Amino acid sequence: MSHPATDLLPSATPVRYLAEDGTTVDGPAGYTQPSVEELREAHRRMVVGRRFDAQATALTKQGRLAVYPSSRGQEACQIAAAMVLRRDDWLFPTYRDSMAMVSRGMDPVEVLTLLRGDAHCGYDPNAARVAPQCTPLSTQTLHATGLAYAMRRKGTDDAVLALIGDGATSEGDFHEALNFAAVFEAPVVFLVQNNGYAISVPLEKQSAAPSLAYKGVGYGVRSEQVDGNDPVAMLAVLHKAFEHARAGKPFLIEAHTYRIEAHTNADDATRYRDSDEVDRWLDADPLARLEKHLRSIGALTDEDVAAAQAEGEQLAADLRSRMNAEPHLDPMTLFDHVYARPTTQLVEQRDLLATELKAQEG
Amino acid sequence: MAATTMAQALNRALRDAMTADERVLVFGEDVGQLGGVFRITDGLTRDFGEQRCFDTPLAEAGIVGFALGMAMGGFKPVVEMQFDAFAYPAFEQITSHVAKMRNRTRGHLTVPMVIRVPFAGGIGGVEHHCDSSEAYYVHTPGLKVVTPATVNDAYTLLREAIDDPDPVIFMEPKKLYWSKEDIELRHLDEPLGHAAIRRHGKDATLIAYGPSVPVALQAAAAAAEEGIDLEVIDLRSLVPFDDDTVMRSVRRTGRCVVVQEASGFAGFGAEIVARIQERCFHSLAAPVIRVSGFDIPYPAPMLEHAHLPSVDRVLDAVDRLQFTDEPDHRYLTGAHS
Ligand SMILES: Cc1ncc(C[n+]2csc(CCOP(=O)(O)OP(=O)(O)O)c2C)c(N)n1
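Chains as they are written, first to last, in the working numbering: chain A, 4 to 365; chain B, 1108 to 1444.
Keep in mind the hints are simulated off the structure, nothing from the lab. Quick caveat, the model's predicted, so the values are computed rather than measured. In this text, a Cβ means the ideal position worked out from N, Cα and C, and glycines have one as well. Each hint can be trusted.
Some chain A residues flagged as far from chain B (calculated, every beta-carbon gap over 10 Å):
1) A8
2) D24
3) K64
4) Q209
5) G251
6) D271
7) R274
8) E364
In silico contact screen, one side only, chain B against chain A (beta carbon under 10 Å); selected entries:
9) E1167
10) A1168
11) G1169
12) V1171
13) F1173
14) A1174
15) H1204
16) R1209
17) N1210
18) L1216
19) G1249
20) K1251
21) D1349
Footprint (simulated), chain A over chain B, 3 or more residues, beta carbon under 8 Å:
22) 1151-1164
23) 1178-1188
Go ahead and model the full structure; you've got the sequences and the hints to work with.
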């Protein structure tokens, strides 16, 4: 084997450079620290991302979204994911990763089209370099691996980021993807956002591994665990992982974080966790942590914070008004894009629907 | 000219497609050095290199999901599932992703690829090596499903499947791998979706596909000796389904038997019968009859002959078309009592 196993092993404890109170701590060597400029940018994006998330949650209450899985509390993961990607890299998000997509620069309305329910994917994946948000758990990790390999075969040094939850690491596809990625030397980074629960099932009922990052080792994939609420550590580890991936070695990261809201707006989280636990994690808030740190080193002013908040308000207001407009839906499009050319059977069915619609009008 | 087997024709199709288009890649389990357990990929690694034909880890979902990613990246994967009953781990990738990507993304992302599945029985394979899984795939919108019955179709349908803009499940009838024809392989270069009339006749229509086509042709030859003139249609493509050729024939003959190896209950034959009675009811002089395998898990090899539709079973069905209304439950399939 090309790696001694010890090279693959994650650190014994999650990589961390910022304590919960925003003071710096001694993290492991070997990771390049993000610049202050980068951290200021991360702060801005986290403020805007959190506002987006809150607005999307509000839209479910107004019946404008069918469902929304919040990623509040996971901002450090979501924003770092968006920030390490270059323009031509690909992102493979799940239903929970809307914040990362918006932070990648996508139109929030297009991002939320899936959850509003007017189309399965509201954007052009090729243009955005973002795969459709994936609902069947962990299946996208294989697509990410295949595409990463295709990109390497074409001779680019672009890479792919696959996002996945802790529960989904139990699915077979995740394991097949790690194995394929290692065997084919695919430039792909797997980022597991371990937010403690798969709907209601806590991690200890999901996996007996000391860290989900250990799951990479058996496949020959270098792995690391990181404090997922520490934006500095997230950026440092993701940068290293991408460097690794661009050189043809996949990388697995487990980010320890927490889902502050319920699984989705339709879930009742009080049935499976108590409020003390949530309160403890609120104290570990990634945004507050970064803000304290940046203020303590004199890199963030009240004006900076106000500007980021104003940007978030602007995005939220714009999103609200655009989501208030009813989408224009044409049932005849049901028959589009099933095949490159519709079969005769589909043409017949399309004619039937056209007749029905005409009768309803008349 | 030396006779060509179906296995050789498939190999030629892969070779010619790989030569014609650099983006075509062949991968799966044991397809490299070994050339596949049925030798369909024989010599491809030697002649095209490991970049074009390669072995993967042993994981069917992995193979199909990885292929989908490669198709997103502009390659044209042609993957092999080693046996029909071992393709099931890939089922989720096929139904949830391969079939739906075009539709989910409103045409922005397409994943043209071919999934080759050696299928059906008659080769004396032990458990899990023979299954007729076509109904699972034809029921999934977004997939095309084709199956050759002749050596030339093995060649031309595979070429067309590789050229097709949509994902294609390519069902290879195992028992016909070693069937031979003395022919020059021709690429017809027509879109998938056309049935072929293998034998013209006026008294009744036999509809078959894949491994059942030779059975139907033998039955027609035997019937001819008794003065019954049967038309035999080889569907070639299950999806898209060629309503036109089927309905024209049945309207002309007024009688029809559908033959499939798969279990009858809710099988593909049921779809054909339903379509015929919806469209040709007034032309029918007898109920359309299905001849199929029984509704049992695929039997042990020494018993498969009793399960698979035989020439005699087809001929008995043809007799039943002649034309009484008396019920005969012997060959009605699909009754779970
Ligand atoms: C294959 C599959 N099984 C079940 C589900 C239903 N489901 C949706 S989300 C979820 C929990 C996933 O938890 P996790 O991977 O930890 O991600 P999180 O939602 O916490 O981000 C389940 C079981 C699904 N989407 N896909």
